[in-house]
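**Student:** Residue strings, one per chain:
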Amino acid sequence: MNGPAQRMMIGMIARAADPVFRRRAFTHVTIFALIIGVWEWAGRTGRLNDLIMPAPSAITEAFWRLYAVTGEVYWHFFVTLYEAVAGFLIGAGIGMGLAIAAALSLGFRRYIAPYAIALNVTPGIAVTPIFIAWFGFGWSSKIALAALIVFFPVFVNTLSGLLRTDRDTAELFRALGASKAQTFFKLMVPNAAPMIFAGFKIAMTSALVGAIVAEFASATEGIGILMQRYSHKLDIAASIAVLLSMSLMGLLLFTLMEEMDRRVVFWKHQGRLDAVARKRHRRWGGLATEKEQARA
Amino acid sequence: MNDDMIPGLSGEESPLWKRALKHTAILVALLAIWEFLTASGYADPLLFPRPSHIFGSFVPLYVTQAIVWEHLWVTMANVLAGFVVGTILGISLAILAGFSETIHRYMKPYVIVLEATPRIAIGPLMLAWLGFGFGAKLAIVTLVCFFAPFINTLTAILSANPAQVELMRSLGASKWQTLTKVIVPDAMPMIMAGIRMAMASALGGALVAEFISSNKGMGVLLDNLAAVLNMAGAFATLLSLTLIGYILYALMERIESRVIFWQNEAGLRRVSARRKRAWGATS
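Chains as they are written, first to last, in my numbering: chain A, 1 to 296; chain B, 1 to 283.
Excised from the complex, chain B in its bound form:
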């Protein structure tokens, strides 16, 4: 696991099994206290379901009734489609805007207003425009995913090193070459950070879209379970969402370390070994 989500965790380390044991002990103790409080009636079991019931309700959700799968599929399709469309749109528009200073200057006020608007709040409007189907939900996720890559790409392109661009020009490089060989690689860390932010908000966007209007999806499932006060089921669904969120985060982290390999030691070594082999083969 990459630990850069919480700073200051590295340091002298005790062996892994020791740490894992302590973490597990604390978790088990917390769960036991919770279980005791609910079982003995100090906490309302209707509101704070017993941990054993929460874990127990994973079984009907995933195995015996297996209702979670169709909802999961709908939500994931929505998240991934909206994420891909939104990021591609954001990055390409930013590159277009970054190409010409004039376009950028006159676009800026509109971008600022759009940025200040809570994106998710456009949800009900999208619904009125595009109806209750997949289109509106896709549009909401796309919109949520659009901004971070757009802003980050634009900022990175505009802060390109003028000396490097100058050098490329004096070497007779075309505008396209300058863009693909200097500006974009230089901007890549910021672009990837934007993409990661987009991924982090995509799941939330999809859930909101489903809360507002839908008949399928994890948001609907969660809403229905909580509405009938099946809190154990609602918590199990929430934990599933936590897991999905973590998987998406870890995936992005992995992709990022591949794409901007020069920013970490291991990636740098891997790529330089590969290149060396390739050169050795040709000569």
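So that you can see chain A by itself, here it is in the shape it has in the complex:
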């Protein structure tokens, strides 16, 4: 196993022995504790209005209430996550498809460009009311908005990745008699993969924002509506707890994309490169020995 958790553990153990790191970690914790302490003190003594900025203890209590006592947060969490991921898949699929067509044909690229530009300069969020009229108040209008927001970053990154193909290498492919499909899959796509994934990373975060904003506009379920409900009730502690959960969700999705990036575009990351090289070496070695065995 060589998962991210294990890697992190090894890194932490190695760093824990470093005195500079230990001193810095100590300062970090001290500063954090100081901020929380002052904040709590200000809340307790009434210097901070509970309605404006509840004390850390109140926020912790709200977390407990949301996750352990009522447990209502999970369903809303799932709804928003589903909307964001579904929107991401649809938007990224359309974006990549059109980008591939645009990369292969200069004519298509020229004629699609004005529409893509118009789409990009329109704030995607502005389409929310129209999508709600089209798709209703349910999940589908949120998915559509997420897809719309996802489209452009994926489209542009895929297109520029595909166009950045090195001319000499393309020449070599032609000289070796590679077919068009071979050139596309063995040269252009691997070459574009790092940029495509950079686009995915931007798009994933914006898909979440799209879903949440569409929920603000009108929804009955989802983390956005949960937060709005709490802040309308002036239960600020709970809405800050939901907000922090959103940050966590954002970090989670981003990390997921990073990990996928490391696996798919393995040649850009030294650790993964070594791992894949070892694996291939083993496979080839295995093949060779089988052949040798057959010969023997």
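Calculated from the structure, these hints are not laboratory results.
C-beta atoms are modelled at their ideal positions from N, C-alpha and C, and glycine is treated no differently.
Don't take every hint at face value.
Coverage of chain A stretches by chain B, computed from C-beta distances (three or more under 8 Å per stretch; other residues unrestricted) [said to hold, decoys possible]: (1) 19 to 29; (2) 108 to 119; (3) 122 to 128.
Following the hints, complete the assembly by docking chain B onto the known chain A.
**Tutor:** Structure of chain B alone, referenced to chain A:
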């Protein structure tokens, strides 16, 4: 128009009028198909208004009823005010943080958490804090505009060339001189990229703020028109927003090519001609 939004468009070019003609022909054909589909009842005119109706509804919006202007004014004031406050705050805080490595180190975890938070999601909280007036909307746009300039400026300052900084020090330059003569000009392309990103998100931020709570602004107008299923009007408003978005984008592009003139040939030539004239006059 600067074409760097979509890559790979330059190449052998046919004359401008020919290209414009082809583009227009395609657009007209698309609109005609749409018009036909709706007019003949294949597409629901309630949901997909006829293009002629969309263009027709520009007239009441802008001329006869002229309801768009007050909303437009509110939104633009909000966008520009939030953009200016947010970028200035972002850049100055980043310069402060960039000055001292210690401040930067201990600020970093908080910045990461704030960056991961969907900024717009703080909207309802801002509303609870600042009420339903202009303040909350300004705060939302400011927050949306803060991050890109902040992060970009900080990154650029931290990646300043140590050899250049060393040289400035050995020449006896003050910290302020090093900052204004070396580090900031060096960081300028990245700072401008951050400012451009901020401008791109400012309009969206303002609209979201208006969706959540407001009685004026383009977001409210759009929401109201769509709610009464006046889709032609909603589309006309949306197209206006597209146009505003494009104008803001083009404006930023123009400003950027002026500020970091050394990154493009024309700007470089213009400035060097001006400087030459200035030197000629003094000598």
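**Student:** Is the listed coverage of the region 122 to 128 of chain A by chain B valid when you require three or more residues with a beta carbon under 8 Å from a beta carbon of that chain?
**Tutor:** holds (count 7)
**Student:** State whether the coverage of the region 19 to 29 of chain A by chain B holds or is violated, taking the criterion as 3 or more residues with Cβ-Cβ distances under 8 Å.
**Tutor:** As far as the region 19 to 29 of chain A goes, the hint holds, because 3 residues have Cβ atoms under 8 Å from chain B.
**Student:** Just to make sure I understand the rule, a stretch counts as covered if three or more of its residues have a C-beta closer than 8 Å to a C-beta of the chain. Does the region 108 to 119 of chain A meet that for chain B?
**Tutor:** holds (count 8)
Consistency note: the structure conflicts with none of the earlier hints.
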